[in-house]
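Student: For the sequence shown, position 268 matches number 268 in the UniProt record's numbering, and the numbering has no gaps at all.
Heads up, a few of these hints could be off.
Stated by the list, open to error - Here are the in silico distance ranges between beta carbons for each label pair:
| # | residue 1 | residue 2 | range |
| --- | --- | --- | --- |
| 1 | A75 | G24 | 35 to 41 Å |
| 2 | G24 | R86 | 36 to 42 Å |
| 3 | G95 | A307 | 41 to 47 Å |
| 4 | D286 | D58 | 29 to 35 Å |
| 5 | A22 | A256 | 45 to 51 Å |
| 6 | E231 | G51 | 43 to 49 Å |
| 7 | A75 | A224 | 29 to 35 Å |
| 8 | D18 | G265 | 34 to 40 Å |
Derived by calculation from the structure, the hints in this document are not laboratory data.
Given the structure is predicted, the values throughout are model-derived calculations rather than measurements.
Quick reminder that beta carbons are idealized off the backbone N, C-alpha and C, glycines included.
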Amino acid sequence: MRALVTGASGCLGRALVDELAAEGWQVRTTARAPAALPDFRPADLVHDDLGPLVEGMDVVFHCAALSSAWGSPAAFEAANVAATRRLLHAARAAGATRFVFASTPSLYADGTDRLNLREDAPLPPRALTPYADTKRRAEAMVLAADGPAMRCTAIRPRAIYGAHDRALLPRLRAALARGRMPLIGGGHALVDLTHRRDAASAMRMAARGPGGGVWNVASGETFAFRDLAREAARRAGLDFRPVHLPYRAALALAGALEAAARLRGASEPPLTRQAVVSLGRSLTLDISAAERDLGYRPRVGLEEGLAECFA
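Given these sequences and hints, build the entire structure.
Tutor: Shown next, in the form of structure tokens:
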């Protein structure tokens, strides 16, 4: 099988490239910045002609996204919606038979605790962040494009981490290094993580799963955020000094910090609304559908995954 992996230089993308190569796939890769990856083709998914990129590919794995906690609505729209639309059209025109999209469970977030969610759990009327909004619309576009000629599927991996992670653990480590660790709601929110290799395995399996399907993916292990932060501090050799913030106060503070950063033209503030939404309320997933439909089984536990991150 011949496959294109977008976002191939990221945490999930690199793991997927390794996963496919180990299974004997012929892999082509692309990303925003040059990278030493198999058959690498630099491309801007928003502006470039994507025909040469997808030519000859059986499967397109779309991992590229703007998944930052910080950015303009226009940037999220371009990277997550427009790029997905263009890639879908190019893949179909090139004769690809499968399109697999890396979505997100952030689209479930509604400001309340939500536990053991299945794929058919109700979504909030309005997404809470530009990231969740644009990924939700991109996922809907992908699933609507499913048809006999090109089967389209998606996975919703919860909090991908591991080597090459540029989001979850680096931000956690930076917060610890500043000396005070904000614990929203006391850090009691429950999270389940997904190691990059498990997410990559789910992507590969989805390429052979039922067309039009979407599956939750996680480790199957649930942790309170305060315990994860404490363990990260221990492994990083940093003091764990928590500051307790009520959820609504944290959301208001994050909004003020974001507004100030935009006025100054500054970089990402120390607390964002995306972080508050993600870490201030419990969100855990039921992964039984992925186990049933895809044969998915989590392989990497937290101890092994954190050892990789803090090696």
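Student: Now look at each hint and say whether the structure bears it out.
Tutor: Going down the list of hints, with the structure as the test:
no. : hint                    : result
1   : A75 to G24: 35 to 41 Å  : holds (37 Å)
2   : G24 to R86: 36 to 42 Å  : violated (29 Å)
3   : G95 to A307: 41 to 47 Å : holds (43 Å)
4   : D286 to D58: 29 to 35 Å : holds (31 Å)
5   : A22 to A256: 45 to 51 Å : holds (47 Å)
6   : E231 to G51: 43 to 49 Å : holds (47 Å)
7   : A75 to A224: 29 to 35 Å : holds (33 Å)
8   : D18 to G265: 34 to 40 Å : holds (38 Å)
Figure legend: structure checked against the earlier numbered hints; the only hint not met is number 2.
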